[in-house]
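Here is what each chain is made of, one letter per residue.
There are 2 protein chains.
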Amino acid sequence: MITGKQSIQFAQAPYILETASIAGKKEAEGPLGKQFDIVETDPMLGKNTWEEAESELQRLAATEVLRKSNLKASDIRYVLAGDLLEQMTATSFGLMNLSIPLFGLYGACSTMGESIGLGSIIVAGGFAEHVIALASSHYAGAEKQFRYPLDYGNQRPLAASWTVTGCGAVILSTKRSHVRVKGITTGKIVDFGLKDSMNMGACMAPAACDTIYQNFMDFNCLPDEYDKIITGDLGYIGHDILIDLLKEKGFDISSQHMDCGIEIYNKETQDTHNGGSGCGCAAVTLCSYIIKQLEKGAWKKILFIPTGALLSKTSFNEGRTVPGIAHAVILEHC
Amino acid sequence: MITGKQSIQFAQAPYILETASIAGKKEAEGPLGKQFDIVETDPMLGKNTWEEAESELQRLAATEVLRKSNLKASDIRYVLAGDLLEQMTATSFGLMNLSIPLFGLYGACSTMGESIGLGSIIVAGGFAEHVIALASSHYAGAEKQFRYPLDYGNQRPLAASWTVTGCGAVILSTKRSHVRVKGITTGKIVDFGLKDSMNMGACMAPAACDTIYQNFMDFNCLPDEYDKIITGDLGYIGHDILIDLLKEKGFDISSQHMDCGIEIYNKETQDTHNGGSGCGCAAVTLCSYIIKQLEKGAWKKILFIPTGALLSKTSFNEGRTVPGIAHAVILEHC
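In order, the protein sequence lines correspond to chains A and B.
Here the first sequence is numbered in my numbering, starting from 1 and rising by one per residue.
Here the second sequence is numbered in my numbering, starting from 1 and rising by one per residue.
Hints may contain errors.
Copies of one chain are not kept apart here, so a pair can be met inside one copy or by any two copies together.
Straight-line Cα separation of at most 25 Å, BS3-like style, residue types lysine-lysine; simulated pairs [as the list claims (entries may be wrong)]:
(1) K72 <-> K5
(2) K195 <-> K47
(3) K300 <-> K34
(4) K68 <-> K5
(5) K5 <-> K175
(6) K267 <-> K292
Keep in mind that the hints were calculated from the coordinates and are not lab data.
Starting from the given sequences, assemble the full structure and let the hints guide the process.
Shown next as structure tokens:
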């Protein structure tokens, strides 16, 4: 089952039984707008703070994925979840009332790859019948957390990404569906010494390169093994860097590569500069557009690689670099 | 293997192959002082910031556990780690140079229970031969993060705990040793509505009660199944509440209960008020005193329950409650 240095190929591949996606107004106005299960036009989601609003995104996504799958919270053995807020308060307050045993995860924007990876290990190992894996982000909460509160009205440089307001949730299960998690490649921290928190695509691209390259090595395959190779939130800048870095290692993924941060907003009309980012970016794109292509077999096999930038406002203010991490998941139509 | 509502009993129980503990000056002056592998008397560990100092604790603990076990970083399939800083920067910067695939975890001060739990699932499921599970905290970093920077010289109320400066690391392995992880009980978020971040023992005691009670139910056992029932960092106040809450549910654990936060400092001479806390509290106590009792068979079977308070300074300032979570691990001499 262990394959190569960093990968697992599941003998009993867990299925993605169901998914749910919830996104905000701006995301609904983008190219994927019609694909989301729930659209919330109120950025506060009826709450008093951005942090509570993001908690509500998680609560709604978890509730929706249970509803769609006809399962109750008590049918779920574990929830594996994370967000971008300090000490993961969106997760703690959002999932509290579910009363499901919780493994809290932090992988920055790579969290959806981490939660599906660990969730798949749990299900494939025979330790659960159903688990929920989810991740969320909120534009306003993330700006306040990492950069400046929106009220300051700071100007966003062209390299900046726009944090997606949304949450995606999947149920990983032993029960058969049309999409399964064939394997995973778990990422290492990769630091190229970049320090610009307004250019996270560049900070994360080396980590994406490292994980994708390792996936090719561990499974002894070429890019055309996959119909799509989908990174989380590199955006336009990170996309170019990733293509270049992998070419240097002898692999050209330009015909397979897709990036959720590029797909989710309209480049010309939505003024998001480098594209979308945040845990929610990869999560809602997976749980809407991507999963539908896999379910109907339009894509047979993809590599999904959410990418995370490992910074805090304190590490940034103290002059530290912004290392990256990327966790890959192999998804297959079946 | 699945037992009851929230527990696993491992058919192939992973072994704790080796442990390492590093602690600071105050911890070294406490009752467990002679048990730690490394004592660092410089609170900055030669670094420029508290955050870098905590990263160094993680780096040193991971390096030491590899040295003690005669393993190389490349022998370790995964590291599962966490800390208390926003966006887990101690973990990101501390473990970067190991180049081991990383699962970042956030369970507040329950993280050592979460990392051993997930690490055991990975090893028991056949997905790794060796993994490292670790957790750290730093007194000055935590005060700055959750309450006030030390420079403000604020007065600590008598209910406050003293965050342990330290890191504990274990190697979970298929290779035989004298201590094994027999099972786990994974906690849910429990919120009793308390809001005082200066009285975290009270905030976490209901979660400890919930997990311990569930462990008794899932394994159909009584408190005397265990030689010791060891919570992470409830301190004196949380200890009293836990004993009372479990009595209300029909279980008296007063003769088995021990708390790492009570053990680690001297009540009379060290002025820590409620005792020790932080991810590092349970982690260094496990990786020094507790593991030695299990290795020599002085204790045959214990329940180890690190306890976490799920707050951030933002959630506190916004008037939210402080929910708790507790993850239990059954450790056995063999």
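Consistency of the hints with the structure:
no.: 1; hint: K72 <-> K5; result: between (38 Å within a copy, 14 Å between copies)
no.: 2; hint: K195 <-> K47; result: between (34 Å within a copy, 19 Å between copies)
no.: 3; hint: K300 <-> K34; result: within (23 Å within a copy, 59 Å between copies)
no.: 4; hint: K68 <-> K5; result: between (37 Å within a copy, 23 Å between copies)
no.: 5; hint: K5 <-> K175; result: between (29 Å within a copy, 19 Å between copies)
no.: 6; hint: K267 <-> K292; result: within (23 Å within a copy, 60 Å between copies)
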